[in-house]
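Protein chains in written order, with our numbering: chain A, 1 to 412; chain B, 1 to 412; chain C, 1 to 412.
Treat the hints loosely; a few may be bogus.
No distinction is drawn between identical chains; accordingly, a pair holds when it is met within one copy or between any pair of copies.
Each computed BS3-like pair below joins lysine-lysine, with the alpha-carbon atoms no more than 27 Å apart [stated by the list, open to error]:
id: 1; residue 1: K11; residue 2: K115
id: 2; residue 1: K367; residue 2: K124
id: 3; residue 1: K329; residue 2: K145
id: 4; residue 1: K410; residue 2: K11
id: 5; residue 1: K115; residue 2: K367
id: 6; residue 1: K118; residue 2: K145
id: 7; residue 1: K327; residue 2: K52
id: 8; residue 1: K410; residue 2: K115
id: 9; residue 1: K367; residue 2: K122
id: 10; residue 1: K145; residue 2: K410
id: 11; residue 1: K231; residue 2: K118
id: 12; residue 1: K52; residue 2: K124
id: 13; residue 1: K9; residue 2: K370
id: 14; residue 1: K231; residue 2: K391
id: 15; residue 1: K118; residue 2: K367
id: 16; residue 1: K11; residue 2: K386
id: 17; residue 1: K122; residue 2: K410
id: 18; residue 1: K122; residue 2: K370
id: 19; residue 1: K329; residue 2: K391
id: 20; residue 1: K386; residue 2: K9
Keep in mind the hints are simulated off the structure, nothing from the lab. All values reported here derive from a predicted model rather than from experimental measurement.
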Amino acid sequence: MAKIGIKKKSKRVSAADIPHVGPGTPCGEWLRRYWLVVGIARDLYDIPQAVKVLGEELVLFRDQAGRLGLLGEHCPHRGTSLEYGDIEDGGLRCAYHGWLFDVHGQCLEMPAEPKDSKFCRKVKHLSYPVRELGGLIFAYLGPDKENPPPLPNYAPLIDRGGQRQIEPVRHCEYNWFNFFENSADPAHVCILHRNAGYGQQSWGDHFFSFTEMPRFEFVETHYGMKVVMTKPRPTADTEFIDEMSLALPSVIQVGDTEFVHAKMDEAALMNDGSRCEHMLFLTPNDDDHFMIFTADNYTGPVDDFFTRLKELRARETPAQEVRPYDKRKHMPYKGNIRQEDLVTQGTQGVLGERDEHLGISDRGVIKFRKIVRDAIETAINGGRPKGVVDKKQAHELFRLDTQVGIRARKSN
Amino acid sequence: MAKIGIKKKSKRVSAADIPHVGPGTPCGEWLRRYWLVVGIARDLYDIPQAVKVLGEELVLFRDQAGRLGLLGEHCPHRGTSLEYGDIEDGGLRCAYHGWLFDVHGQCLEMPAEPKDSKFCRKVKHLSYPVRELGGLIFAYLGPDKENPPPLPNYAPLIDRGGQRQIEPVRHCEYNWFNFFENSADPAHVCILHRNAGYGQQSWGDHFFSFTEMPRFEFVETHYGMKVVMTKPRPTADTEFIDEMSLALPSVIQVGDTEFVHAKMDEAALMNDGSRCEHMLFLTPNDDDHFMIFTADNYTGPVDDFFTRLKELRARETPAQEVRPYDKRKHMPYKGNIRQEDLVTQGTQGVLGERDEHLGISDRGVIKFRKIVRDAIETAINGGRPKGVVDKKQAHELFRLDTQVGIRARKSN
Amino acid sequence: MAKIGIKKKSKRVSAADIPHVGPGTPCGEWLRRYWLVVGIARDLYDIPQAVKVLGEELVLFRDQAGRLGLLGEHCPHRGTSLEYGDIEDGGLRCAYHGWLFDVHGQCLEMPAEPKDSKFCRKVKHLSYPVRELGGLIFAYLGPDKENPPPLPNYAPLIDRGGQRQIEPVRHCEYNWFNFFENSADPAHVCILHRNAGYGQQSWGDHFFSFTEMPRFEFVETHYGMKVVMTKPRPTADTEFIDEMSLALPSVIQVGDTEFVHAKMDEAALMNDGSRCEHMLFLTPNDDDHFMIFTADNYTGPVDDFFTRLKELRARETPAQEVRPYDKRKHMPYKGNIRQEDLVTQGTQGVLGERDEHLGISDRGVIKFRKIVRDAIETAINGGRPKGVVDKKQAHELFRLDTQVGIRARKSN
C-alpha cells in the first residue's frame, strides 16, 4: 500500500467495493489493517489446518513448542499443500521434499540439498503474525508485519473473573457484509424475528414489536457504530433501552442475549443491565464465504450460564410447519433466529450487484456503509482507519457499548 | 425494444442466435412477445414458487383472493428472495423487513417506515401479467405489459366437452431448441424410436419404418409449420397420413398419441382421425435448461382414456439390456421414447456451437430454423411475429393441424 | 502445423506452456506427434467408449470385424454423442438418425436420405489411427494421419517369452506434468516415501535413506532422460545402482519394482538386475485430468509374479493413524506410495501458476523441463522431436534404461 503524497488525489470507494475482499481490492486491503480471527485455540491440534482468509490460501499450525504459525498453504519449493505436512523438529515439514518451516516462515531444513548448502537460509515463506487471546486465534495479514497494530483487548476475551465460552465456528456461504450490515438494521429484528425467540419472552414481546417498533438511533463511535433502540416504558419518566454495537472491521456485540436467548430474570436485568458480553467476529474466506467466531463473557450470578444458554438455544428449532408440497430448499427456517438470518441474508445477492430501494428505516445501514467506506478510504490512502488501536492505547480494554435495561427517558 | 425507423437497416439473426434466450438476446426478446407457460395451476399452493424464465429469476404466487402474480424473485428493498416470503394481507410479504407486494408488484406496506411515509406507494416491483387457462399458468414477459397480445385459446386448454389432463412438468438440462426442432425432424422417429413404442404396434410398425420411411412434407402455416408424413396405403387410391405441428414460439402438437402410446382401436382411428390433442409447451429457464408442460384434450369415447394412457406409458420402460461392463451414464434408454429423445438431444451441444452436416432429410429442420429466424427478425425489428395472435382474433380457437388416418392419395 | 521457413524466427516455449495440452497449444501440438495410450484392449467391449484426449472429446470402439476406431464423439450430422451409438453393420451407428461410420470415419449409411443420395460418401468424420500393442490401445492424434510415425515397440508390450500384465487404468484429477516430472525428482523417494514401501524392505531401507541419500545423476538419452541413483556399497569397489527412465512424451519406466513392491530375493537381484519392466503411460485428458496406463513384463523365474505383486501392493494400505479430529480430505495417505504421490502432486497447482524455489536437488526437474521444452519447440517448428521413432528404426525394440543392482564403483 503506497503512501499517498499530500498533493495526490485521494482514492475513493463506493458501497459496491465493500463485499470484495481479495488481495488488491480496496476492502481487502482495508481488512488487512486489522487482526482477524482465523481459528479457535481448542480446535487447533497437532495437525496443520488449512484456512482461506481474504482470498488467500493459508495453513495455521502450532509447533511443538506451542508457537502459532500462519503460512502460505503451498510450499514455496514446488507448491505442495502444507496442510498435509508434519509438525515436527521445530516447525512444519512439507511431505514432498521435507522442507521445514518455522512459524515465521523461515526455512530450517532442506533434506535433499547438499549438507553445506546456504539455500535454506534464503527461503522465507509467506507468514503472518498470529496471537492467541481468550481462546481465539488472531492473525494480522497487513503490510507492516514486523510492526502490527496492537491486538485489541476485546472485553469478552480478557479474564476479568467471569465465565467465558467460545462457540464452534460457523461457516456461511454468502457475502460477509450481508451479515455484518444486518446488525446495523434493527428493524429486521421486529419483523423477521417476530416469530422466533424475540416473540416468545416478555422482553422481545413488548420491545421488538412488529406493530409498535422501538425508536432507533445510530451513533457513530470510536470503534464504529452503535444501534440504540428505545421504547418509552415502563413509567412516564423512563424508557427501555437495548443497544447493539458494530466495531470495525467485522465485530458485532449484542446486548440482549440474556433476555432473548438465556431468558434470565427480567427484573434484575432491567435494574442491573446485561452481564453477558456476546461478541461475533466475522472473517471473510473470500467474497462468497465467511466464518463466524462467537465469544461470550458472563459476569452474572448464574453458575451454569452457558450450559443453560446452550440448552435454550437448542430448543429454538424452527417452529414452522412444512407442508408436504413445500420443497423449498431452506425449509423450515422460521422460529430459529440464526436460520432466519441465513435464509434472508443468504438470498440477498451481493451489495452493489443487487437492486435496492432504501427508506428511512435503512438509515442505520446507510450510515454504517458510510463509516465503512470512510475507513476503507482512510486505509487505502495511507491513514489509520477507525478501529485500529493506537499503540498508546494498547493496554486498554476494548469494550463495545451494549446497554440493556431501563433508563431515564430522554427528550427527543 | 426500439422501433426501427423506415430507413434503418433491419437487424438480422442467424441460427446460432436461436439457442440464447437471456434478456437482451434476439431470441430472448422474441420469446418475450408471447405468452409462455410458467407453472401448473394444481401445483401452485399457498407458498411462493421460484421459477427462472428466459434467464430471469422470478417468483410465482397466488394471493389469498386467488389472483396470480409473477414478480422479480429478489425483493426490491435489499434483495432477499421472495421465495421465502409469506402470502398474506393481500399480497406477498418479504420475510426480511415485511415489505408487502400485490400481484401487480405494487408495494402495499413497509412496516418499519414511518406511519405517514409515502415511500411505499412509489415502489413498484418487477411484475408480469399472468393468466390461467385450462390448468396451465401463462405469463407475458414482453415490453408492452399493459397491453399484451391475446393469450391464444389453445384447443386442449379450452373446455369443449372432452377430458383434459395436465402432466407433471418435466425439467430438462439442455438447450430448449434441441427439443423443439426435433419435432421438425420426422426421420428420427423411424430411426431413433424404431425400438420403442413406434415399433411395437401396428401403426408404428408399418408407418415409421426404418427401411421404408414415410414421405415427409413441411408446410409453413400461420402459426408456424406442420410436418406431413404420408405413406401410400392401404389401397391404391389412399394413403396413410400422420401430422405433427410446431407453433411459435415453442409449442408442439403431436397427432398420433392414440396410436403410439394409447394403442387405441386402429380401424376407428383410421376412419375418424385422432380425438386426442396432445400439446407440449416449452419454456426455457435459461440457455441450458427448459421445462416441458404437457396438456391433452381427449374427445373420444373411452371413459378412462388418460388412466389408460398413463398405464401404457408407464410400461414403456427401456427394453435395452445393460451388460455388467456398461457404465454409460444414461443406460438404459432404448425402448422409451422420452429417454431416447433425452439422450440424443441432451448430448447434441448447442446449435451454432456444434458442427453440422445437413442433408435432404434435414429440410424440415432447415425450413423451421428459417421460420424461427424470420419471426425473431420481425420481433426485434418492431413487427408482430408469426404466432402472436391479432387482437381481432382473440376469441378464436387456436388449433394446430395434426391429422391422422387415411385420406385419398395425393399425386406428388 | 505450418512448416517454418529457414529465415523465420523459431517459436519458443516456456515451462509454463508444458501443462497446457488443448488443441492449438504448443504442448498439445507436440503431444500430437506421438502415439498415446487411449484405452486397454480387455476393457473395450461391444459398446463405444467415450474418452477425452488432449481436450478433444472422442469415442473409441472396435467394430464387429475387430477393427479399432477413434472418432470424434459428436456425430457430424447434428452433434449427438456417438457414445450411445450402436456397433453394427460394419461400423458405429448414431442413435439419432442412424448415420453409420466405419473406423476411418467414413460415413457408410444415412438411412433417411434418398436411396440414390451421394451425400453419405462426402461425409468423413474426424478419426485418428489406432493400434493395439500388448494389450494397450494407442492412437495418433497428429497432423499426418495418413503417414504417422512408427508405434514404438515398447519392450513390456512385445512378446519375448515373459509374463505380462496390464493394470486397471487410473484416473487422476490434476495436471499430468506434475506426475511426469515427479519421476525426474528422485529426492522425493527418500523423503515422501520414507514411511512407505521403500522404508519397509532392505533395498529401500539402505538405499532410499532420508539422512544419507543416494547420489543422483541425470543423463539425457535418445528417448528422454534417465535418473541414475547410486550409493557406494556394499564393498569399497562397488556401488548400488537404481535407474528410472522418462521417455518423451509421457512414458516412465521404474527399475526397482521387484525390490520395492514385489520384495523379491535381494541377492539374486543384486547380481542379475531387474527382470521386471514396469512402465507407465500417461495420457492427458485435459489440463486438469490425466490417465495412467501401467504395463509390466516379467522375465524372471517366479511363476506367479504378478499375483504376488498384486497381493503385496494391496497390503500397502496407508499406515497412518488418523485421529478423530483429523478431517483432512485425503487422510490417511502415508504408507502407500501411490497415495503419497497423489496428495503431494494433486495439491501442487499448475506449473507456471505456482510459485517455486528450485535448488540443487531439483536439477533433474530443471533438466527434464528443458528437454521437454526443446522437444516442444522442435515439434512446433516443424522438426521431429526426441522420442518420435524414425521410420528406419520402426522394427527395433524400444527399451528404456532401468539398471538395478551392483556395479563396479565409478569415480566421480
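Evaluation of the provided hints:
no., hint, in the structure
1, K11 to K115, "neither (51 Å within a copy, 40 Å between copies)"
2, K367 to K124, "between (43 Å within a copy, 25 Å between copies)"
3, K329 to K145, "neither (44 Å within a copy, 31 Å between copies)"
4, K410 to K11, "neither (40 Å within a copy, 67 Å between copies)"
5, K115 to K367, "between (61 Å within a copy, 22 Å between copies)"
6, K118 to K145, "within (25 Å within a copy, 52 Å between copies)"
7, K327 to K52, "between (33 Å within a copy, 16 Å between copies)"
8, K410 to K115, "between (76 Å within a copy, 22 Å between copies)"
9, K367 to K122, "between (48 Å within a copy, 23 Å between copies)"
10, K145 to K410, "neither (46 Å within a copy, 52 Å between copies)"
11, K231 to K118, "between (70 Å within a copy, 24 Å between copies)"
12, K52 to K124, "within (20 Å within a copy, 41 Å between copies)"
13, K9 to K370, "within (19 Å within a copy, 48 Å between copies)"
14, K231 to K391, "neither (39 Å within a copy, 59 Å between copies)"
15, K118 to K367, "between (55 Å within a copy, 22 Å between copies)"
16, K11 to K386, "within (17 Å within a copy, 54 Å between copies)"
17, K122 to K410, "neither (65 Å within a copy, 34 Å between copies)"
18, K122 to K370, "between (45 Å within a copy, 25 Å between copies)"
19, K329 to K391, "neither (48 Å within a copy, 42 Å between copies)"
20, K386 to K9, "within (21 Å within a copy, 58 Å between copies)"
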